[in-house]
Amino acid sequence: MNPRRDERGVALILSLIVLLTVSGLVLAFLSLSVLEPRIARNLADATRARWLAEAGLEIGYAALATATEADDSWSALLAGATGADPWVALSGLTASALPGLTSAEGIYTVSIRNDSEAGDAALTGETAVDADAARDANGVLILRSTGSFKAALRTIEAVVKRRRAPGRPAPGVRALPAMSNWRER
Amino acid sequence: MSDARGLSLTEILVATCVLAVGLAGLATGLQYATVSVDAGRTETAAVLLAEERLERLRSAGLADWGDRLLASGRTREEYGAITGAAGFRRETTVSDRGGPDCAAAVPTTVTCKTVRVAVSYRPAAGGERRVEIATVLAPRL
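Protein chains in written order, with the numbering used here: chain A, 199 to 383; chain B, 45 to 185.
Please note that the accuracy of each hint is not assured.
Every beta carbon over 12 Å from chain A, so not counted as near; a handful from chain B, in silico [stated by the list, open to error]:
id	residue
1	Gly117
2	Glu121
3	Gly171
Below, in silico cross-link-like pairs of lysine to any residue (SDA-like), each with a Cα-Cα straight-line distance of 25 Å or less [claimed, not checked]:
id	chain 1	residue 1	chain 2	residue 2
4	A	Lys359	A	Ser273
5	A	Lys359	B	Val154
6	A	Lys348	B	Glu95
7	A	Lys359	A	Ala287
8	A	Lys359	B	Asp108
9	A	Lys348	B	Arg85
None of these hints come from the bench; they were simulated from the model. Ideal placement from N, C-alpha and C gives every residue a C-beta, glycine not left out.
Could you build all of it, start to finish, from the sequences and the hints given here?
Dropping the structure here:
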């Protein structure tokens with residue numbers, strides 16, 4: 199018997215092996231590729247949420263800057279804050295939509311707290327921090343804004359300080375707030 | 045046939061047919077996957093282009109609140125106008141807002157500006173898609 203008779207059918211087997219290898223590669227590519235649009239969508243939603251949080255920070259800053267108080271402190275805004283729950287929502291800025299947009303296009307929430315927590319000196323860069331969560335003695339607050347769009351949620355915190363411009367007389371002139379030390383949580 | 049060197053014609057024909065049908069199916073899958081990857085890539089690029097514009101406006105506003113870039117109105121960058129991203133067009137809408145919570149439209153004193161950036165592109169699948177990001181800017185006092 200001729201041993202070469204055994205080669206019958208080898209073309210079919212070879213083509214099947216090639217087909218199997220290539221389909222394995224294509225299948226792997228396919229399963230990875232269906233993730234791509236989802237990754238991009240998540241990035242778009244998260245980016246949107248982050249800019250909503252940024253918007254909340256700006257609006258919160260504007261609200262703090264225009265808050266008029268005789269003693270140049272933000273104590274009135276901190277009413278109700280306790281050591282256990284120092285965060286106080288700024289009025290009208292809870293689950294709000296951006297001006298001119300609907301809530302379906304994302305919402306943001308802004309709250310503030312006094313620099314009365316342990317370790318706040320490192321965050322604010324001040325040597326003296328406040329003792330009472332509800333009484334702002336040094337003109338330093340922590341502003342937190344959370345933006346949410348669909349499933350994405352982004353929170354940013356910043357330190358707001360009220361400082362008198364150099365050379366300005368103390369009472370009667372409103373001190374100018376500055377915002378610093380952003381951190382994303 | 046005693047001297048069976050090489051492969052028979054029928055064998056080759058069957059193998060070629062199987063390979064052709066299989067590869068045709070795989071090519072369809074490959075095309076589908078490529079379109080998906082491309083869709084993800086362009087959407088990510090659109091998001092980054094929108095962010096680029098927002099960052100530019102914010103930095104302009106921090107340097108000078110009265111900057112021309114922040115003037116109320118709509119700016120259009122058509123297809124081909126954005127350097128390095130010819131396949132995208134970008135529309136920036138700035139509107140003035142007033143009041144302590146920036147809610148008032150057409151204000152006498154501008155306390156905030158809302159900025160909306162929409163980036164549109166034509167994906168390989170056809171049509172036009174858009175990515176939109178909105179934010180608010182306030183002046184530093």
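Whether Gly117 of chain B stays farther than 12 Å from all C-beta atoms of chain A, as the label says
The claim stands: Gly117 of chain B keeps its Cβ more than 12 Å from every Cβ of chain A (closest is about 14 Å).
25 Å limit on alpha-carbon distance, applied to hinted pair Lys359 of chain A and Val154 of chain B
holds (23 Å)
25 Å limit on alpha-carbon distance, applied to hinted pair Lys348 of chain A and Arg85 of chain B
holds (21 Å)
Need the status of pair Lys359 of chain A, Ala287 of chain A: alpha-carbon distance at most 25 Å?
Roughly 18 Å separates the two Cα atoms, so the pair holds.
Lys359 of chain A and Ser273 of chain A: Cα distance at most 25 Å?
OK: Lys359 of chain A and Ser273 of chain A at ~13 Å, within 25 Å.
Using Cβ atoms and 12 Å as the threshold, tell me whether Gly171 of chain B really stays out of contact range of chain A.
It holds; Gly171 of chain B is separated from chain A by about 15 Å at its closest Cβ, greater than 12 Å.
Next pair to validate is Lys348 of chain A with Glu95 of chain B; report whether the Cα-Cα distance is within 25 Å.
This hinted pair holds, its Cα atoms lying about 19 Å apart.
Holds or violated: are the alpha carbons of Lys359 of chain A and Asp108 of chain B at most 25 Å from each other?
Given that 25 Å is the threshold and the Cα spacing comes to 21 Å, the pair holds.
Far enough from chain A: is every CB of that chain over 12 Å from the CB of Glu121 of chain B?
holds (19 Å)
Checked against the numbered hints above, the structure breaks none of them.
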